[in-house]
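Engineer: Sequence:
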Amino acid sequence: MAVPQQQAGAPISEAEALARLRQSHDPSQQYYAAWWLGRMRSQHPDAVPLLIAALQQRRPRDPGAGVEENAVARNAARALGKLGLAAQPAIKELLTVLDDPDDGLREAAARALGELGAEQAVQPICRRLASGLAGAGAPRAGTPRLMEPCEALLEALGEIGCGSSRAAGVLAVVEPFVHHDRPLIRSAAARSLLRLSGEPRWADLLVGLLDHPQLQVRRAALMDLGAAGWRPALEPIRRTLAENSLKLIALKGLVERGSGEPGEEALLACMDALL
Numbered sequence: 003m004a005v006p007q008q009q010a011g012a013p014i015s016e017a018e019a020l021a022r023l024r025q026s027h028d029p030s031q032q033y034y035a036a037w038w039l040g041r042m043r044s045q046h047p048d049a050v051p052l053l054i055a056a057l058q059q060r061r062p063r064d065p066g067a068g069v070e071e072n073a074v075a076r077n078a079a080r081a082l083g084k085l086g087l088a089a090q091p092a093i094k095e096l097l098t099v100l101d102d103p104d105d106g107l108r109e110a111a112a113r114a115l116g117e118l119g120a121e122q123a124v125q126p127i128c129r130r131l132a133s134g135l136a137g138a139g140a141p142r143a144g145t146p147r148l149m150e151p152c153e154a155l156l157e158a159l160g161e162i163g164c165g166s167s168r169a170a171g172v173l174a175v176v177e178p179f180v181h182h183d184r185p186l187i188r189s190a191a192a193r194s195l196l197r198l199s200g201e202p203r204w205a206d207l208l209v210g211l212l213d214h215p216q217l218q219v220r221r222a223a224l225m226d227l228g229a230a231g232w233r234p235a236l237e238p239i240r241r242t243l244a245e246n247s248l249k250l251i252a253l254k255g256l257v258e259r260g261s262g263e264p265g266e267e268a269l270l271a272c273m274d275a276l277l
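Take the sequence shown: its position 219, counted from the start at 1, is 221 in the working numbering, and no numbers get skipped.
Hints are all accurate, no fakes.
Per label pair, the in silico range of CB-to-CB distance:
id, residue 1, residue 2, range
1, 277, 177, 35 to 45 Å
2, 146, 168, 29 to 39 Å
3, 251, 24, 31 to 41 Å
4, 87, 258, 12 to 22 Å
5, 134, 274, 39 to 49 Å
6, 147, 171, 25 to 35 Å
7, 251, 144, 30 to 40 Å
8, 30, 136, 32 to 42 Å
9, 27, 141, 35 to 45 Å
Calculated from the structure, these hints are not laboratory results. Computed from a predicted structure; not experimentally measured. We treat Cβ as the ideally placed atom computed from N, Cα and C, and that holds for glycine.
Based on the provided sequences and hints, a complete structural model is requested.
Structural biologist: See the structure below:
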């Protein structure tokens with residue numbers, strides 16, 4: 003089926019996105035189509051099967067190839083994470099991707115599984131993190147990456163949650179990462195522990211990172227406090243030296259997920275003042 007031609011950068015329709023993903027001769031068209039379907043939260047009955055098929059296009063990594071061969075599969079994984087209940091049939095394939103040698107694909111799959119609340123992913127993710135700071139958290143030689151995409155794996159565990167019967171085991175896997183030398187990993191671990199346990203000490207670690215000298219770290223801590231829904235962080239979030247747009251996203255998370263004090267009225271007033 004021929005894909006309709008449009009000017010570069012022109013908006014496309016859901017039908018065209020599906021057509022672009024369905025064809026196989028132009029990966030760049032598939033890449034954009036996968037992004038579009040996720041961004042627009044498509045509920046078309048063909049969207050999830052086509053995204054699963056795109057996810058299955060992954061290939062063994064070739065570091066010398068000079069191109070990103072798995073870009074389409076990564077975007078397909080990211081899109082599936084945004085499609086909610088409709089994407090439940092994709093969980094089995096996303097779990098398979100957790101064992102892919104491409105760590106970027108593992109990262110995308112972990113984030114998608116977290117967004118989908120896939121309880122089946124808790125044990126596979128814990129296995130990937132179980133080697134701790136000396137294994138999963140160790141630097142990968144010659145790259146800025148770690149041996150595992152720890153930030154995504156840790157955050158996914160917090161998003162998914164876990165039943166009381168296995169909570170202690172999951173917490174034991176996550177807790178060593180609050181001592182990682184990279185502050186973004188510490189932030190992700192504290193976010194997960196706060197989501198899983200509700201213990202204020204993990205919120206204190208995140209609040210402390212709001213004063214970090216690096217803007218990137220302050221931004222991450224803002225997002226992690228918002229994702230954890232820790233309402234007592236309202237005032238530290240308001241004072242953080244970061245963009246108001248990011249503060250608003252964090253405060254929105256407190257409104258949607260938060261518990262404890264301050265109440266919603268104070269949060270909404272702070273958001274109004276930042277607008």
